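Keeping their order, the protein sequence lines are chains A and B. Residue 159 in numbering that gives the first Met the number 0 sits at position 160 of the first sequence, and the numbers go up by one each step. Residue 282 in numbering that gives the first Met the number 0 sits at position 283 of the second sequence, and the numbers go up by one each step.
Since the hints were derived computationally from the structure, they do not count as laboratory data. Keep in mind that the hints are not guaranteed to be accurate.
List of simulated lysine to any residue pairs, SDA-like, C-alpha gap at most 25 Å [stated by the list, open to error]:
id : chain 1 : residue 1 : chain 2 : residue 2
1  : B       : Lys1      : A       : Asp72
2  : B       : Lys4      : A       : Glu4
3  : B       : Lys1      : A       : Gln25
4  : B       : Lys4      : A       : Cys44
5  : B       : Lys48     : A       : Gln25
6  : B       : Lys1      : A       : Glu3
7  : B       : Lys1      : A       : Arg139
8  : B       : Lys1      : A       : Gly43
9  : B       : Lys174    : B       : Gly60
Residues of chain A clear of chain B, computed beta-carbon distances all greater than 10 Å [what the hints assert, rightly or not]:
id : residue
10 : Val17
11 : Gly43
12 : Gly121
13 : Arg130
Here the structure is a predicted model, which is why all the values come from computation and not from measurement. Glycine residues also receive a C-beta, built at the ideal position from the N, C-alpha and C atoms.
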Amino acid sequence: MSGEERLMISLTVNGESVSRLVPVRQHLVDFLRLELGLTGAHLGCEHGVCGACSLRVDGVLVRGCLMLAVQADGAHVVTIEGLDASGEIADLQQAFVERNALQCGFCTPGMLMTAADLVRAGVPRTRAEIRAHLAGNFCRCTGYQAIVDAVSATLNKRLSEGGGHV
Amino acid sequence: MKAPKFSYLRAGSVEHVLELLARYGEDAAILAGGQSLLPALNLRLSQPKLLIDINRLDRLGGVELGNDHIRIGALTRHAEIAASPLILQHLPLLAEAMPHVAHPAVRNRGTFGGSIALADPAAELPACALALQARLVLLSAAGRREIAAAEFFTGLYRTARRPDELLVEAQIPLKGKAKTVSVFMELARRHGDFALAGLATELLLADGRIAEARLAYFGSDERPVLAGAVSAAITGKALDPTLAEAAVAALAGDLSPIDNAQASASMRLHLQRVLTRRALALALTRSRQLGRAA
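Let the sequences and hints guide you as you build the complete structure.
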């Protein structure tokens, strides 16, 4: 597009350094998907309601569509691809599979990012607390019951093993 | 959708922001947490020429205890307020409100000042600012001014902030030895969604009676409302189970609920009455707990 204002940014994505010239109006998810080919973060509503674009930026969970790519200059971004590759959520992923906590899969990357945020804190949670934590992530298939089951089982397993997140 | 074109500047200092605001005024938008601005841009409800990113201005963040007030920097993230021991100890109303502010991912980015400056009628923090008598500090190239929260929220997404001003902090007075009870409640269709009705209330008690009552209603009207008629109806009276009906009877005099697809005006008024009864009942329970602890 002509006349598009651009800025050079440098950041770390899943542990790798990248530098790119980006349109200032491009949000972080479009940058990840279109520039870096990381299509794990999904765009559902694109206005912060559905949670499908959830990412970890500088250690905290954020809505990827509500952050500009230029704001991530200097940041450490972790996507679902990074979480998957590191093995951090292998148990959570396995629990999702075992309990059919996904059907179409569109919400799953965001759901896993948000659930990972909860289980790595290593604090016991009731089902109601798990639901409250996941309330910002829409799933239109499962009815959530199986998702809460999977998150709860993973959290309880980690707590009983005494390790939590490493 | 995708945001329209805009120019972007990362502010290097507060002075830099004020200079830009003096030059661009209404054509500029302050990008703080971006949790409402970015949706508005993506939906093309807002088309500013310039975004001024203040996220690197660390001096605008943080919660601090002053002599007679708590200072909350405009750039303090919701998650930081929710986790703050100072807030929990001195401003329990705000601590009780925080879990209702959107969802965890939004609380990690969204800011206190952003919520106040936006003045969304369904937002929790403007109502808390009213109930807690916050003073809001605004800076511009022309100087500094303080304004009481009660004079700040003027209408639907409208405030007393001038286009060349930056909201830099809120100062919330401490109550000292006064016996206070606070209650925060809201009703939303899904946890974390915008409220259909909500109430932030702080009561000052003396000799078993209500010495001061501040009930700030939100979610029902075009702006958060400090309920004068309700306050007049219950001030000076004992905090007992009969109090709620006097408050409920007065409430229609304070509110002019909006009527839209989410809820009719009569339903919103009904919900606010329900919350009023619940909040005063909980306030009574809490005041008894205070009495026992004392």
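**Study point:** Index of numbered hints that the structure contradicts, given in increasing order
**Key:** 13
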